[in-house]
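Residues per chain are reported as follows:
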Amino acid sequence: MATVISLPITAPPTPASWIQDQTNAGQTISPASPFANLFANASFELKAIKLLPVGLAYLAHVRRSIHNHSFEEHDK
Amino acid sequence: MALSNGSARSRKSNPTVVGINFGNSYASIAVINKEGLADCIANEDGERQIACAVSFHGEEIYIGNQAKPQLVRNAQNTIINFRNLLGKKFSEIPKDQPIISAPVIQHPELPDVAAYKVAILQPAPTPLPPASVKSSSNTPATSVLPTPRSEPIPAERIITVQEVTSLFLKSLVQSAQDFLGREVDGAVIVVPSWFDDSAGAALKSAAEDAGVEVLQLLDEAGAGALVSITEPVEGLDPDRTSLLVDLGQSSLSLSVLSIRHGLLYAIGSAHHEDINTEQIDTKLVKFFTKEFTRKTKVPLTVCPSTETADKRAEAKLRLALEHTKRTISASPGAASCSVESLKDGVDFTGSINRMRFDMEVRTVYDSVVRAALDLLEGVGLEPLHVDEIIYVGGSASLPGLDETFFAKGFPESTITPFTAGTVIGGGIGDPTTLLARGAALQAQLLAEIANEDEQIHAAFRPESEHATVHATARTIGVILPEADAGDEGLGGQWVLGIPRDTPLPYRRFVQFDCDLGEEDKEERILGMELWEVSEGVKVEKIAPPKREKEEGEEDEDEEEEEEEEEIREKILKKEKQLGALAVKAEKARKENGRWKTRVQVQFLAHSRGIILIAAEVSEDGTGAPASIHIS
Ligand SMILES: Nc1ncnc2c1ncn2[C@@H]1O[C@H](COP(=O)(O)OP(=O)(O)OP(=O)(O)O)[C@@H](O)[C@H]1O
Ligand SMILES: [Mg+2]
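Chains as they are written, first to last, in my numbering: chain A, 1110 to 1185; chain B, 64 to 694.
Bound-form chain A, shown alone (with noise of 0.2 Å):
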């Protein structure tokens, strides 16, 4: 199970224009749609790289891409 890194912030309250300053960009999503499409072109920066093939994570990776495994998937 992936580990969850507890942060020792405390979030500030949302004001409370926030939401009508974010029309185009922010909404609250119910569970039942788990994704949508917010910023069509936000695609994010990528580059090619290459993994060192060692260790214990880099066989997780993998074993997730041979059977093409979600890290859910493989957590189990």
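Keep in mind the hints are simulated off the structure, nothing from the lab. Given the structure is predicted, the values throughout are model-derived calculations rather than measurements.
Pair by pair, the computed Cβ-Cβ distance ranges are: (1) A:His1178 with B:Ile634: 35 to 43 Å; (2) B:Glu551 with A:His1178: 42 to 50 Å; (3) A:Ile1175 with B:Ser399: 54 to 62 Å; (4) B:Asp583 with A:Lys1159: 50 to 58 Å; (5) B:Gly490 with A:Lys1159: 29 to 37 Å; (6) B:Pro607 with A:Ser1126: 38 to 46 Å; (7) A:Ile1175 with B:Lys653: 48 to 56 Å; (8) B:Arg425 with A:Ile1175: 48 to 56 Å; (9) A:Lys1159 with B:Pro362: 51 to 59 Å; (10) A:Ser1126 with B:Ala687: 18 to 26 Å.
Ideal Cβ positions, reconstructed from N, Cα and C, are used throughout, including at glycine.
Using the hints, position chain B with the ligands against chain A.
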């Protein structure tokens, strides 16, 4: 015996494996101990750093540290520096190197093959024992006395680079077998990052000739980082940027590593043949030579030396330095350097303390740090971004080198094995054994999956498709908007989600407390904005505080002008908003007049997009999750 169908692979279910670091000057071997940790073992001479040297002397062959003293009187039959020649054709080997050992020659028969020619003594053929003479009954019986063994015959032996390597590896494996009391089935061997395919192939076949199956040729950076991943020093984040510094006999290797929950890749690396321990040794040889001549009035010219007596003296000094340097690393006191009959029958005993030592070799330390700074700059990072330095190689044991890193801009927050106290006494940070231990850990992992699919094994070979993935170029995280945050900065509380240089897919869970204000409202929400940010460094110069003169203090230290202090601080800059999410807080409770709750956020990134899931967590279970998927 009948074999069941389909058992293509016949791997032992519990193979005995070892890790081998095969340097150009020194090698080491590690095994997994009963506690499951990697241990570097000593050979029968009690050595953990085993000199990569093979010396032929009459009928004897010396291998390892016993072969090194042969460089003084039997240099032409002593072979060193063969590791770096593996896989090279004779014509590819530079010929302008000074020769202090058996020269590399063109093999007399094999075209363009590098070899050595050494003088040996071959045992004379043993005369046939009488019993083996089967004669007919009528001939007179041969004498029952054995014929005395005749003198061994001087001969010449041609030995290729690969054959020397095989001979040497065989003795390493023999040491491991003696230690373990079992046959060694396989080994992971550490090789430098610059090792090419032909060098790798030559090493593999040399190992196979020595009777060891090579489970994997492992990159130095991988072996070095694996120890840090398996046994991290306290205080290190599972997601970190590490700088690997390997100062070996012949070169300096540097890598900036991205370590993300155990996944590893080199963001950048550099190799400098012009920065090495040879330079340290030369400076020390000169230092002690001066002392010798001053004390004894015996003239001695070294670095370079031309006369035979001077050459021998230099070779002796270089051998003696091994002890001096190790003493300097191990303790802050003075270290001695003693050579019997250094020149003209005159003995030498000198000493050097750590401060003087560091002064003598300062320029080498400085060029190591300079090279590290250049490498970082080349990949857009600063010392401030380095969470950890991993030291590898003999000379990285020198505390003065670590001190130089801190003196030249590495922040106190950088964790090194010296600051963590894990170098002394062969701790987990010991640079001289780290690579072998990393290799042993990897060997154990490969042994455990010995019976798994071929597909899995293939993933550990070079050029596996599984190794090529995407990584993030920029840091991604959440900003929790805050009223009156001002225009400067991010406009709210930052929560790191996916650091830059993170291989995908990646997942991170974080939890934190939330303050939802004091107002009693029908609906309370926590807003989150997902941002791509760039990391920078803010430099602030502050004038030194004016020191109040203490009473009676004179103006004498006036000229001691204090420098402006430079404060460097990591900063984040918003680059692009990727999305926003509002989490309904339905489980909030009022505490001291303010509404509070706790939220768990999951960042899940793959190359097709990011999923951000946030939900309240409380004693009575988790709340309804809110999520967005950005592609
Ligand atoms: N504890 C120590 N303190 C200082 N110097 C040491 C220590 N241990 C070994 N050395 C020195 O380190 C050098 C050997 O370094 P190392 O074993 O890393 O070389 P190598 O990996 O074989 O060489 P290269 O990587 O350049 O091919 C020798 O000069 C040796 O004297
Ligand atoms: Mg090395």
